Amino acid sequence: MAATEWEAVIGLEVHVQLKTRSKIFAASDTGYGAEPNTRACAFSIALPGTLPVMNVEAARLAVRFGLAVGARINRHSVFARKHYFYPDLPKGYQISQYEQPIIGSGEMEIDTAAGPKVIRITRAHLEEDAGKSLHEDLHGMTGIDLNRAGTPLLEIVSEADLRSAAEAAAYLRKVHALVRYLDISDGNMQEGSLRCDANVSVRPAGQKAFGTRTELKNINSFRFVEKAIDFEVQRHIEVLEGGGAIVQETRLYDAEGDQTRPMRSKEEAHDYRYFPDPDLPAMRLDDAFIDSVRAELPELPDARKRRFQSQFALSAEDTAQLTAEREFADYFEALAAAPGVDAKTAANWLLGDLTAALNKHGMRIEQSPLPPAHMAQLLQRIADRTISGKIAKEVFAAAWRGEGGVDDIIAARGLKQVTDRAEIEAVVERVAGDHPQQVEQYRQGRHKVFGFLVGQVMKATGGKANPARVNEILREILNRETG
Amino acid sequence: MTDAPLHHRSITAHARSLRNREYSCLELTRHFLARIEAAADLNAFITVTAEHALKQAEDADRRIAAGQATALTGIPLAHKDLFCTRGVLTSCGSKILANFISPYDATVVDQLNRRGAVILGKTNMDEFAMGSSNETSHYGPARNPWDKSAVPGGSSGGSAAAVAARLTPVATGTDTGGSIRQPAALCGLTGVKPSYGRVSRHGMIAFASSLDQGGVLSRCAEDAAIVLHAMSGFDANDSTSLRHPVPDYPALLDQPIAGKTIGLPGEFFGPGVDHEVARCVDQAIAQLGRMGAKTVPVELPNSAAGIPCYYVLAPAEASSNLARFDGVRYGHRAAEYADLDDLYAKTRGEGFGAEVKRRIMIGAYVLSSGYYDAYYLKAQRLRRLIADDFKRAFERCDVIAGPTTPATAFAIGEKSRDPVAMYLNDIFTNAVNLAGLPGLSIPAGFDRNGRPVGLHLIGRYLDEATLLSVAHRYQMETDWHRQTPPGYA
Numbered sequence: 138m139a140a141t142e143w144e145a146v147i148g149l150e151v152h153v154q155l156k157t158r159s160k161i162f163a164a165s166d167t168g169y170g171a172e173p174n175t176r177a178c179a180f181s182i183a184l185p186g187t188l189p190v191m192n193v194e195a196a197r198l199a200v201r202f203g204l205a206v207g208a209r210i211n212r213h214s215v216f217a218r219k220h221y222f223y224p225d226l227p228k229g230y231q232i233s234q235y236e237q238p239i240i241g242s243g244e245m246e247i248d249t250a251a252g253p254k255v256i257r258i259t260r261a262h263l264e265e266d267a268g269k270s271l272h273e274d275l276h277g278m279t280g281i282d283l284n285r286a287g288t289p290l291l292e293i294v295s296e297a298d299l300r301s302a303a304e305a306a307a308y309l310r311k312v313h314a315l316v317r318y319l320d321i322s323d324g325n326m327q328e329g330s331l332r333c334d335a336n337v338s339v340r341p342a343g344q345k346a347f348g349t350r351t352e353l354k355n356i357n358s359f360r361f362v363e364k365a366i367d368f369e370v371q372r373h374i375e376v377l378e379g380g381g382a383i384v385q386e387t388r389l390y391d392a393e394g395d396q397t398r399p400m401r402s403k404e405e406a407h408d409y410r411y412f413p414d415p416d417l418p419a420m421r422l423d424d425a426f427i428d429s430v431r432a433e434l435p436e437l438p439d440a441r442k443r444r445f446q447s448q449f450a451l452s453a454e455d456t457a458q459l460t461a462e463r464e465f466a467d468y469f470e471a472l473a474a475a476p477g478v479d480a481k482t483a484a485n486w487l488l489g490d491l492t493a494a495l496n497k498h499g500m501r502i503e504q505s506p507l508p509p510a511h512m513a514q515l516l517q518r519i520a521d522r523t524i525s526g527k528i529a530k531e532v533f534a535a536a537w538r539g540e541g542g543v544d545d546i547i548a549a550r551g552l553k554q555v556t557d558r559a560e561i562e563a564v565v566e567r568v569a570g571d572h573p574q575q576v577e578q579y580r581q582g583r584h585k586v587f588g589f590l591v592g593q594v595m596k597a598t599g600g601k602a603n604p605a606r607v608n609e610i611l612r613e614i615l616n617r618e619t620g
Numbered sequence: 109m110t111d112a113p114l115h116h117r118s119i120t121a122h123a124r125s126l127r128n129r130e131y132s133c134l135e136l137t138r139h140f141l142a143r144i145e146a147a148a149d150l151n152a153f154i155t156v157t158a159e160h161a162l163k164q165a166e167d168a169d170r171r172i173a174a175g176q177a178t179a180l181t182g183i184p185l186a187h188k189d190l191f192c193t194r195g196v197l198t199s200c201g202s203k204i205l206a207n208f209i210s211p212y213d214a215t216v217v218d219q220l221n222r223r224g225a226v227i228l229g230k231t232n233m234d235e236f237a238m239g240s241s242n243e244t245s246h247y248g249p250a251r252n253p254w255d256k257s258a259v260p261g262g263s264s265g266g267s268a269a270a271v272a273a274r275l276t277p278v279a280t281g282t283d284t285g286g287s288i289r290q291p292a293a294l295c296g297l298t299g300v301k302p303s304y305g306r307v308s309r310h311g312m313i314a315f316a317s318s319l320d321q322g323g324v325l326s327r328c329a330e331d332a333a334i335v336l337h338a339m340s341g342f343d344a345n346d347s348t349s350l351r352h353p354v355p356d357y358p359a360l361l362d363q364p365i366a367g368k369t370i371g372l373p374g375e376f377f378g379p380g381v382d383h384e385v386a387r388c389v390d391q392a393i394a395q396l397g398r399m400g401a402k403t404v405p406v407e408l409p410n411s412a413a414g415i416p417c418y419y420v421l422a423p424a425e426a427s428s429n430l431a432r433f434d435g436v437r438y439g440h441r442a443a444e445y446a447d448l449d450d451l452y453a454k455t456r457g458e459g460f461g462a463e464v465k466r467r468i469m470i471g472a473y474v475l476s477s478g479y480y481d482a483y484y485l486k487a488q489r490l491r492r493l494i495a496d497d498f499k500r501a502f503e504r505c506d507v508i509a510g511p512t513t514p515a516t517a518f519a520i521g522e523k524s525r526d527p528v529a530m531y532l533n534d535i536f537t538n539a540v541n542l543a544g545l546p547g548l549s550i551p552a553g554f555d556r557n558g559r560p561v562g563l564h565l566i567g568r569y570l571d572e573a574t575l576l577s578v579a580h581r582y583q584m585e586t587d588w589h590r591q592t593p594p595g596y597a
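Chains S and X supply the protein sequences, listed in that same order.
Quick note on numbering: our numbering labels position 117 of the first sequence as 254, and the sequence is numbered without any gaps.
Quick note on numbering: our numbering labels position 389 of the second sequence as 497, and the sequence is numbered without any gaps.
Derived by calculation from the structure, the hints in this document are not laboratory data.
Hints should not be assumed to be uniformly reliable.
Some, not all, of what chain X presents toward chain S, calculated at C-beta under 7 Å [as the list claims (entries may be wrong)]:
id, residue
1, CYS192
2, GLY311
3, SER318
Note that this is a predicted model, so its numbers are computed, not measured.
We put the beta carbon where it would ideally sit given N, CA and C, even for glycine.
Please take these sequences and the hints and turn them into a complete structure.
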């Protein structure tokens with residue numbers, strides 16, 4: 138009997154911290170890294186008598202996301218209370234949305250090995266974040282920091298449309314890129330601005346019904362999402378092939394051990410006792426509000442990608458990379474708009490040398506020591522033949538190190554390209570004279586030595602000779618003297 | 109000069125005398141503080157803020173001297189102990205908050221402070237406003253000044269006892285199912301609960317958020333109108349507070365009764381009403397008729413569902429609102445516990461009284477998965493039907509009248525072992541909260557034991573002005589509201 142072929146079925150719940158200045162239901166500041174409890178106002182610590190007041194900015198950012206994924210924007214949505222006891226949940230309930238979320242169904246396209254694939258988004262709802270329990274350096278006690286309590290979250294729930302850990306990671310990357318594009322979140326996973334839970338099950342390929350699922354919590358990096366899901370899928374398959382059954386439960390991903398372990402079973406699952414929050418009237422959004430959000434939407438990654446393909450005649454692969462992050466695409470556009478800069482050259486430099494340097498130093502494009510204007514100057518000097526592409530790499534490295542402007546570096550290091558015919562001719566003559574054997578080989582039709590001779594000329598000029606001119610003159614001389 | 113003892117004078121009379129320097133705020137405040145001390149056996153107050161009151165009184169005297177007096181400058185009052193008061197114990201009648209000094213003022217407290225009112229103290233109440241007798245208070249029952257063996261009603265029992273014994277001219281209260289109107293009736297006072305959303309709930313410790321509403325207990329409708337006007341209005345800190353402008357209630361008191369139609373629901377005049385209560389209420393309605401009001405029969409067919417509906421929704425919201433009292437950040441915390449669950453169980457087990465626990469359990473049950481539809485959702489549907497009944501009735505009348513309670517004050521201990529008998533005290537009042545309407549109780553006579561009877565008036569949504577004017581006109585023609593309990597003259 139042939140071994141069963143298994144198919145993974147995955148859905149993600151992504152929690153995105155929205156970039157509002159104040160909390161979702163209170164006027165105190167949000168923000169990461171403040172001294173514990175310095176941003177815990179009366180409402181954040183749930184003093185008796187305090188009441189929630191909706192921060193409209195959070196709704197605005199949620200709608201921005203909804204419009205970007207073509208989702209239904211619910212004109213009428215309801216906040217509900219989700220109850221459980223935990224010390225970092227000050228009210229004993231979290232204000233969330235349950236039956237009537239602000240954002241209804243939408244969709245998002247991801248790139249997979251097999252080409253583009255549409256992932257359906259079930260819903261996205263607003264809720265407040267909890268505080269944090271601190272266990273370190275407290276000598277067996279638990280500390281509570283309520284700074285984060287009340288930070289607005291958008292929980293984006295996907296349908297179970299993902300079929301591999303790689304697809305899940307691609308989807309998460311896409312969500313990450315989109316929320317940054319939309320400027321609704323800083324998307325910083327280390328600081329917890331973007332967190333992810335995954336629902337995982339497997340089924341025999343071709344079967345329609347879903348298998349029993351487990352929910353993975355605490356997978357807070359792109360790498361961990363892939364590893365945790367891979368582990369869990371494999372675990373499901375092993376259990377099922379060993380004749381066992383999957384227990385519906387919540388599991389925690391342990392990054393150190395690269396495994397998942399049970400957190401609570403279905404029987405232990407909380408009864409959250411959801412009911413509409415009587416302190417908050419239903420949220421009503423009118424067309425004017427939604428239109429005003431639509432008007433402030435930036436160009437979205439997919440549209441920008443298509444535009445880059447047609448406007449700059451770039452490949453699908455290049456444009457996908459250029460538009461994956463808003464800042465990166467902005468950089469490219471600023472560069473390509475500079476006079477005398479060729480888009481293809483700009484793309485090559487950005488995706489090549491600049492990306493390599495950024496990666497090496499762990500920097501983001503907006504931190505690049507070379508702003509677009511400086512990079513444009515470099516490319517202009519290549520285009521106007523002041524320097525060769527090869528010399529340009531040296532200039533780039535020097536500029537990255539902060540040795541000065543592009544032109545200053547070229548001047549200071551004497552890197553200006555030699556294009557003067559007489560000057561190049563003289564060097565070519567000398568090289569030809571020094572290498573009679575290779576000249577003879579060329580003239581007998583063994584043209585492979587041409588490259589060697591070009592190299593010798595470049596070496597003799599310290600790389601400054603214009604390669605095209607060198608080619609042209611060398612060919613002339615070699616051909617002429619056969620006469 | 110004054111012709112009556114200070115404690116029998118109205119707010120308007122005090123304000124006039126204070127402006128004319130017939131007496132000072134300090135003297136007035138001292139007068140009431142002395143009465144509070146002498147009547148300590150009523151247990152009307154949880155905290156008396158004497159020192160702070162005298163300071164506020166001095167400030168008020170300066171303000172008056174500077175010609176900056178408002179209608180409430182220098183007027184002493186008391187707050188129910190669920191209004192947060194900065195720097196003062198705000199216990200909500202519960203052990204779990206018996207050490208809670210609020211760091212902020214409720215909006216209601218702030219509004220009255222800013223007008224120069226003087227806070228005498230914080231009044232006793234049923235724990236978390238859950239009760240109709242003031243017997244569930246962690247601080248022991250308050251007593252009814254008309255008969256100290258009887259309850260003053262609840263949950264604003266301390267406020268009612270204090271105003272009835274003339275320990276304060278006026279007191280704030282809250283009303284979730286009758287907690288202002290029922291004690292007002294049992295203590296012979298005017299008690300008004302405005303429309304839901306009129307008075308900010310910010311800083312008012314929540315029992316059932318969709319039903320809770322702040323209001324006033326006072327000697328007469330005129331005093332109630334002045335204080336309610338000062339308390340009402342939109343508050344950006346309460347998303348359920350209304351943006352509607354607040355009418356000038358004191359200026360509208362003299363609207364004539366002639367031409368007004370009073371609706372009499374058959375459901376309020378059934379066999380469940382004590383016959384002496386019914387007699388007083390009938391006489392009061394006859395009086396209104398003599399003053400020119402027309403009466404029409406109206407129907408409130410779903411009113412029987414009021415109690416069951418209320419006792420699903422209010423506990424549901426309460427179970428949620430009281431979840432924050434966990435011993436982690438403030439309030440009572442168990443001295444010893446094994447782990448986190450034990451901390452919660454012991455803290456809440458020790459901190460809450462039996463009635464509060466009963467309602468938390470009912471509330472958690474009706475919200476739990478599998479029961480939510482059968483209880484919570486069904487109750488919400490009933491709530492709409494009850495509200496619709498009132499809407500239809502108000503197509504035919506301006507005010508609905510009936511008894512506030514089925515009977516007069518009962519003895520302390522008489523119903524404390526029978527929660528359902530206790531709940532039935534609110535049978536006429538809680539439908540008004542479910543519908544979000546304004547309601548008011550005024551004194552309408554006494555039973556044969558000398559215990560006061562209340563006439564219940566219900567108004568159209570946002571029409572507190574008509575209710576207050578009907579009450580005021582009635583009080584111009586009657587003197588039930590001028591009676592004081594023996595021993596407190």
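Identify every previously stated hint that the structure contradicts and give their numbers, smallest first.
As far as the earlier hints go, not one is violated by this structure.
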